[in-house]
Amino acid sequence: MQLVLEKRAERSNTIALISPLIAIGLTIATMSILFAILGKNPLLALHAYFIAPLTDGYSLQEIAVKATPLVMIAIGLSLCYLANAWNIGAEGQFLIGAVAGSWIAVKTQGTDAGAWVLPAMLVLAAAAGALYALIPAICKVKFGASEILTSLMLVYVADLFLDYLVRGPWRDPQGFNFPTTAEFDPVATVPLLIEGGRLHLGSIIALLVVAAAAILLGRTIKGFEIRVVGAAPRAARFGGFNANQLIILTFAVSGALAGLAGIIEVAGPVGHLQPGISPGYGFTAIIVAFLGRLNPLGILIAGLFLALTFIGGEQAQIAMKIPLDVTKVFQGILLFYVLACDSLILYRFRLVFPNRQVARGAG
Amino acid sequence: MELVEAIILSVLAASTPLLIAATGELVTERSGVLNLGVEGMMIMGAACGFAGAWFTGSIVIGALCGIVAGILMSLIFALMTLGLAVNQVATGLALTILGVGLSGLIGAGLVGERITPAAHLDLPVLTGIPLIGRVVFGEDAFVYVSLALIIGVWWFLYRTRAGLVLRACGDNHVSAHALGYPVLRIRTFAVMFGGACAGLAGAYLPLAYTPFFIPGMTAGRGWIALALVVFSSWRPGRLVVGAYLFGAVTILQLHAQGWGIGVPSQFMSALPYLATVIVLVLLSRARTGGSTAPAALGTVFVPDR
Chain A
1 MQLVLEKRAE RSNTIALISP LIAIGLTIAT MSILFAILGK NPLLALHAYF IAPLTDGYSL
61 QEIAVKATPL VMIAIGLSLC YLANAWNIGA EGQFLIGAVA GSWIAVKTQG TDAGAWVLPA
121 MLVLAAAAGA LYALIPAICK VKFGASEILT SLMLVYVADL FLDYLVRGPW RDPQGFNFPT
181 TAEFDPVATV PLLIEGGRLH LGSIIALLVV AAAAILLGRT IKGFEIRVVG AAPRAARFGG
241 FNANQLIILT FAVSGALAGL AGIIEVAGPV GHLQPGISPG YGFTAIIVAF LGRLNPLGIL
301 IAGLFLALTF IGGEQAQIAM KIPLDVTKVF QGILLFYVLA CDSLILYRFR LVFPNRQVAR
361 GAG
Chain B
1 MELVEAIILS VLAASTPLLI AATGELVTER SGVLNLGVEG MMIMGAACGF AGAWFTGSIV
61 IGALCGIVAG ILMSLIFALM TLGLAVNQVA TGLALTILGV GLSGLIGAGL VGERITPAAH
121 LDLPVLTGIP LIGRVVFGED AFVYVSLALI IGVWWFLYRT RAGLVLRACG DNHVSAHALG
181 YPVLRIRTFA VMFGGACAGL AGAYLPLAYT PFFIPGMTAG RGWIALALVV FSSWRPGRLV
241 VGAYLFGAVT ILQLHAQGWG IGVPSQFMSA LPYLATVIVL VLLSRARTGG STAPAALGTV
301 FVPDR
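Read top to bottom, the protein sequences are chains A and B. Position 354 of the first sequence, counted from 1, bears residue number 354 in this note's numbering, the numbering being contiguous throughout. Position 195 of the second sequence, counted from 1, bears residue number 195 in this note's numbering, the numbering being contiguous throughout.
Note that these hints are calculated values from the structure, not bench results. Because the structure is a prediction, the values reported are computed rather than measured. C-beta atoms are modelled at their ideal positions from N, C-alpha and C, and glycine is treated no differently. Hints are supplied without guarantee of correctness; some may be wrong.
What the hints assert, rightly or not - If you want a taste of the chain A side facing chain B, the calculated C-beta under 10 Å gives, among others:
hint, residue
1, 7
2, 148
3, 149
4, 155
Produce the complete structure using the sequences and hints provided.
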């Protein structure tokens with residue numbers, strides 16, 4: 001018996017639509033087995049993961065807060081992946097954005113700086129993220145160095161740089177030697193949408209980013225170029241599209257969005273710069289981008305779903321003592337199923353029995 | 001003298017996991033498959049290897065558990081990319097995410113436990129030779145295995161018919177298929193070999209390098225191993241040089257901190273990663289007369305029967 005792939009005459013739109021749902025269904029089935037192996041009641045665990053966070057207002061806000069960086073980073077990454085440029089260092093660009101924006105917050109701390117502080121932080125963070133993403137992009141275009149490896153190596157560099165800053169020059173003198181900056185001033189903080197709640201302005205910015213990406217990809221020539229260069233490089237060359245220029249552009253945009261997400265996270269929910277500000281947003285965003293089929297609206301939904309797993313994971317840990325690593329396992333398995341189901345769009349799976357065929361051929 | 005000896009010993013120890021993992025990935029990539037999941041397979045090798053050694057008290061069984069874990073992980077990758085023709089880059093990333101999570105689950109109960117690390121060779125007279133004695137005749141078994149492995153791979157790739165066929169699959173899968181070679185089966189074996197090596201390399205860390213397990217202890221070594229394969233331009237000889245060079249950078253960085261050089265430790269820790277970027281750029285730039293990468297590397301192959 002052998003598994004054989006047959007190319008479909010054209011991509012199946014029905015399956016393109018339902019494949020993420022099949023993937024989620026298969027993931028939930030697999031996770032139930034894993035919960036049972038861990039000795040937990042699968043139904044209770046699934047309830048803690050997926051239903052409980054949806055039932056109270058605080059958790060709902062928390063989901064939106066967690067989805068904000070995921071969606072912003074994933075939108076940028078989707079542009080890269082559509083153009084066949086493999087930026088997997090968004091985590092580093094996120095951290096560098098957080099560092100660059102924090103620089104203004106730290107330097108203006110305790111002064112009577114006005115309302116310009118937060119906008120300046122956002123702009124600087126986006127610029128820094130873009131510049132940091134341009135390093136692998138330029139290494140790729142000018143020297144042909146693999147952007148996958150260079151962008152990933154720079155994640156570790158960014159992480160160590162942030163660590164150095166908060167343990168050294170930027171450490172809060174009144175912070176009891178903890179590696180953190182002082183709490184940002186109110187002018188350097190992302191405003192909340194609801195008084196006393198968790199939801200902040202960043203979520204609105206994320207929605208604007210989704211809308212902008214939808215317009216870029218659906219309504220502009222640049223967006224068309226990005227899609228053609230990725231899907232049909234030869235056709236793009238004949239069309240006179242400059243693939244290298246698009247690598248630079250998509251890397252810069254995705255770096256800027258990751259950097260922006262970084263400063264919004266630091267100046268919003270966290271409130272100060274410290275190591276460990278990201279529970280791997282830059283990597284989880286890769287899953288979000290694929291689960292959302294590299295489509296802006298899809299990414300918004302996928303981002304909310306992945307955020308739900310983060311919050312659900314925390315609640316399951318508290319309520320049922322399920323280890324937090326289960327969330328990572330869940331995300332990894334989900335990405336596998338998403339990719340496998342995507343294969344169904346282009347191919348038909350068939351099991352063939354070679355022996356019988358040989359017999360028929362001989363007869 | 002003793003300091004020099006100590007430095008050489010620690011460089012060898014730091015280089016060995018890189019060399020083992022990169023050797024496996026070199027074979028995988030030579031068959032035309034790019035498996036970016038080395039980090040995930042390594043960390044699973046570390047967790048399962050430590051678990052095996054801790055339960056049985058045997059380093060050999062621990063190493064075998066690491067190898068099996070690596071192979072199982074690589075089989076998921078093979079099923080996805082070779083069986084279902086899924087994008088290799090994305091699948092490799094998924095494998096790393098899964099490996100990091102699963103290893104955390106497996107190793108959670110073992111954090112804080114210790115084992116007796118792998119024994120070092122101890123020959124009468126020979127190991128006692130000053131300076132080179134312990135370097136050449138006093139290593140743990142992993143170091144000797146890693147060297148045997150890379151020599152074996154060199155011999156296989158360039159001196160055997162099977163090695164030639166494997167390289168053919170990596171350079172032109174359509175032609176190899178037309179000649180009647182089972183491209184997907186050959187690639188599956190190459191991916192499994194890569195998984196076995198990554199698992200062994202991961203197991204080396206808790207079994208010989210440090211006698212305990214901490215989550216995330218591979219700390220990006222799998223990614224450096226991937227970079228080393230590019231660095232070596234897919235040649236076993238250069239891979240050895242590259243691995244020891246990177247081991248040396250890692251160790252030098254530690255000693256520089258001890259010598260009180262006035263640079264923050266984080267900058268020194270960033271050196272191996274920065275070195276990888278610089279080396280990638282320099283090498284890619286030097287290669288003006290066409291790439292030396294296997295021509296079919298990372299491309300999907302669906303036989304048309």
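Do the hints match the structure? See the list:
1. 7: holds (7 Å)
2. 148: Constraint on residue 148 (chain A) satisfied, holds at 7 Å.
3. 149: Status holds, d = 5 Å.
4. 155: holds (8 Å)
Of the hints listed earlier, there is not a single one the structure fails to meet.
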